[in-house]
Amino acid sequence: MSGPNTDYDPVEVTPLKAEEVEAARDAALKAIDAATSLEELKQTRLDHAGDRSPLALANREIGALPPAARKDAGQRVGKARGAVNQALAARQKVLEAEHEARMLVEETVDVTLPTDRVPAGGRHPLTTGAEYIADIFVAMGWEVAEGPLIEAEWLNFDALNLGPDHPARTMQDTFWTEPAENHVVLRTHTSPVQARTMLTREAPIYVVCPGRVFRTDEYDATHSPMFHQVEGLAIDEGISMANLKGTLDHFATQMFGEGIVTRFRPSYFPFTEPSAEVDLTCFVCRGAQVVDAGDGQMITCRTCKGEGWIEWGGCGIVNPRVLVACGVDPEKYSGFAFGMGIDRTLMFRTGLSDLRTLFEGDVRLTTAFGSEL
Amino acid sequence: MKAPLSWIKEYVDLPAELGIEEITDRLTALGLKLEAIETSGAGIEGPLVVGQVLTQEPEPQKNGKVINWCTVDVGDANGTGEPQGIVCGAHNFKPGDKVVVILPGGVLPGNFQISARKTYGHMSAGMICSARELGLGEEADGIIVLPADAPAPGTDAREALGLGEEVIEFEINPDRAYALSMRGIARDAALGFDVPFHDPAQRDVPLANAEGYPVRIDDEAGCDYFVARTVTGFDPTAPTPEFIKKRLEQVGVRSISLGVDVTNYVMFELGHPIHAYDKAKLAGPIVVRRAHEGEKLTTLDDTVRELDPEDLVVCDDTGPIGMGGVMGGASTEISKTTTDVLIEVAHWDPRSMFRTGRRHKLTSEAGKRNERGVDPLLPPIAADRVVELLVEHGGGVAEPGVTEVGPGASLETRKPPTTITIPISLPTRIIGIELDDETVVKSLELIGARVKVEDGTLTATVPTYRPDLNDPYDLVEEVARIVGYDKVPSVLPRRATGGGLTRAQQLRRRIGRALAGAGLVEVVDFPFVGEADFDRLGLSADDVLRRTVKLANPLNSEEPGYATTLLPGLLKVAARNISRGQDGVSLFETATVAFPVDQAAPIYGVDRRPSAEEMEKLLAAIPRQPLHLAVVLAGERTRGGWWGAAETASWSDAIDVVRRLGAELGVPVEVASASRAPWHPGRCAVVSIDGVEFGHAGELHPNVCKAFGLPARSAAVEIDLDHLISKVPATAAGPVFSTMPVAKEDVALTVSVDVTVAAVEAALREGAGELLETVRLFDVYEGDQVGEGKKSLAFALRFRAPDRTLKAEETAAAREAAVAKAAELTGAVQR
Ligand SMILES: [Zn+2]
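So the protein lines, in turn, are chains A and B.
Sequential numbering of the first sequence, starting at 0, is according to numbering that gives the first Met the number 0.
Sequential numbering of the second sequence, starting at 0, is according to numbering that gives the first Met the number 0.
Worth flagging that the hints you see were computed from the coordinates, not collected in a lab.
There's no promise every hint is true.
Unchecked claim - SDA-like, lysine to any residue: derived pairs with alpha carbons at most 25 angstroms apart: (1) B:Lys360 x A:Glu217; (2) B:Lys64 x B:Arg131; (3) B:Lys367 x A:Ala202; (4) B:Lys616 x A:Ala202; (5) B:Lys93 x B:Gly141.
Pulled out of the complex, with its shape left as it was, chain A reads as follows (with noise of 0.2 angstroms):
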């Protein structure tokens, strides 16, 4: 090969040969086209566009040229050049493209792969359910009241017309606090915070106040010593029994789901008068008493006995000796007051059988509804 200041003509100088120039550029084009990789891209990028290349060494012959001739030649070497570069320009977006495309392929993971490196937590459905309850009286503008569960015994029975005497009285079997002379009682319900609600705030009152509440049961499947009531307190001028019935029922349909209502019978509890038991429709019937027993035929519904309702609480109109003795004017107020189990609502909502299931802290009873009812 010459050096450029070699003195030749140009015709000699055969890299330079339009032939030559062409074939090398057909060469190259060639090459890209053949090209499958980036790899083999970048092989052929040095091959034919890389400074060893035949076109990048003829390109390097033209200065040796005389000047009439340089202008020809450059032209012919730069087209090629130009023609070879946006070959393996637009190779190489091709390529990129089909890389990524099979990189993504490959990186394909099964996704059905466990992903529980941290175990769910989860809240107790007596919390959420007590959560569910209150929100539906918050959303009437009720307050949540609540109070201490180790209670005077003023406020949980003589207050609530309970007195030492009353019949009523063992009906409600009390754990009592040592030494008895010191009247401190585990509430035997969540009653004493109506008290202490009137004997702290001015009428109108609307509280609804759930919790925990006590008594000396033996723990089966549907008693134990330590259960959860949810109960309501209004007091307000005009308070009627007709009031507690649209309360109770929009509650019951709140919680069980349209056309669930509530029914009154006539009942004993010395806190209310009148007093009444509630019945909620039976939420697996929906009152209709019977079921289809999976076959089309109707048999009787076995959580309501055919009855089609089922006992659910009790409530009635504030006694006004209560109203008496919590300082609310029975002159000018009149109150309804009801009572239900969470626990039993809660069981009638969701299905369990064994009330111990709630109590004994198995993990697996929680996880199961998550973090809300």
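Since chain A is already given, all that's left is putting chain B with the ligand on it; use the hints.
Chain B with the ligand only, in chain A's frame:
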């Protein structure tokens, strides 16, 4: 309370077309709740006939038993008219007796199919039935022997046995004592269907006279009416008539003897308890008084009872012979030889009855009625009815002497009937149904009240059988139940205007959600604890947590205390989960604990609101009950899997639970080392806010893990949640942060191993000054390269200025200052 429908119907003209369900539905709506309907003889099918025993041959068996091979005339019921051969194991009959026979093809309760079968060497074709086999009672002393005048052999026996009779079981509320009698139930049935009522208490009784048995009442507050009658020449062996026997059985009372059965029968009929004495065993006049200190009485149930000076007793010259109104004494009990019977019907103070019953743990049919209140006019009527039945069925003679003592005996001294005055609009207002005056008056008249209306005011004179009616709202309830609770419309009250959940209530929910979100599972547990729990926690003998609020009547004598800590319960729950196959559990519980205050809570009256001062005194006596949060992390905290191995819970996870809660609530939590049972003494943190400690977190003591059966290195937390919640700022100040570039610097410091990271970090912070944005420990190293008793701590410092890009010299200067401060305060040496 069980009531045969036929007995109720004796006193009320119920329309014949009314079905039992219509009747019980109406009574339930009136407050006498249906529990169950029993139909006697349910489950008996096929030929059940009267048979007459023709022959009876006792045949001793190898096993010592003697069976009877009988032939029984069953008329044409067997299709042949021939005597039926039947083997019978009972012996309480003889040839000629009429018995009840079920023939082959019949079915007895329990789906017991009867067929002719070979037994004891005979072909026994049917069975002679006992009451138990027919499902008519528990009595199984032998087979049923029908009265001689029973229908002819071969007749269907169902009618003779009274089968198909419906007995209604009611649940009676404690205020409706009147419904503990046929009289009371019939009266409600009558008003329920607005049909005539025939009061069984409507009878003419002989006037009191001076010839009766001498009785004196020394305590008229306890007993205001005492009636005594005497029947002489009574046949103690006379059988109880079938109708009484059957009805007593239907109401669930065992037949004992004519004398006892009659008193029970009349009690169920009228509702008034009655007592019968063997007059021959009485010594001198009867005196009613309170018991004397130290007096004893052996009651009918053969129990010796130490009497309380508050107990009302009936005495003769020998002392107490009965606990008035609650239970009679054994010494004067009527027996198989009693021929002269003294009948007592007395009206007792319900409160005394209740107290005596409770004191002696005595529940009896009599006590149940007396403590709830009975019709005070019944004593002479009930006594006369008993006399009538005893004379009729026991062949006795009613003595002309009639004793009636006490203020209740005369119209002048008797307590006047209760009158209640209400605005006539009160029922409308309280029930919420528009009721006209006529409806209100009619409703009250239906229960037997005398009603007067004047200027919108209603005055009702309450009938004596309803001692439960005293207050205006009592009348409202009567009107409501008669009008019908089902008529009460459903009307929401006006919209309340509450402020929603309180901040504390919202925060408690948030805490629960945050913990659940961190993978912790909430549990609910009982708050009962015992010494063994504290021992297992390793608490010292004088640990404050051992001072619990004690229960006088714990369900489990091993757990007499109310929890001062949630940990024993929670650790047991964790162990239960592990034993049920969990590889690890992360649990939390929020509940109040209690600390005793040793003050007595007063008992106030209920005629007014307690004063503010009185309320304060009351509330001060209630044990302090803070809300606690406890957490236990046992075993695997994260699972192993394709990503790597499982991580076991550690002390740091426990402390992080508290830190995270602080972050969740915007409360900076300080952590310092502490030593407190049940935690590992070197791996326990005390947590505080503004220097006030509110709980502990860390690894449990190895002995505690062992004692509770938990995996080694289980960790736990217990904090006072009320305190944490109280420290949550009402409003959080919005942060100000710079968007200028950050400058990062790392420093490695060598300190003595007993220097805490918190101390070094605090020193770095102090030294670095305001340009420091964050400092975070990213590595700890102990080993040869740092030397014995030393550790190397690597911190990442981030610097940033609020207004400019920091120059390298500025950052370096701040870093140097930080290191210098650490050196000064903690002896740190930069590596
Ligand atoms: Zn149903």
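Status of each hint after checking the structure:
{"no.": "1", "hint": "B:Lys360 x A:Glu217", "verdict": "holds, 19 angstroms"}
{"no.": "2", "hint": "B:Lys64 x B:Arg131", "verdict": "holds, 21 angstroms"}
{"no.": "3", "hint": "B:Lys367 x A:Ala202", "verdict": "violated, 39 angstroms"}
{"no.": "4", "hint": "B:Lys616 x A:Ala202", "verdict": "holds, 24 angstroms"}
{"no.": "5", "hint": "B:Lys93 x B:Gly141", "verdict": "holds, 12 angstroms"}
In terms of the numbered hints stated before, the structure departs from hint 3 and from no other.
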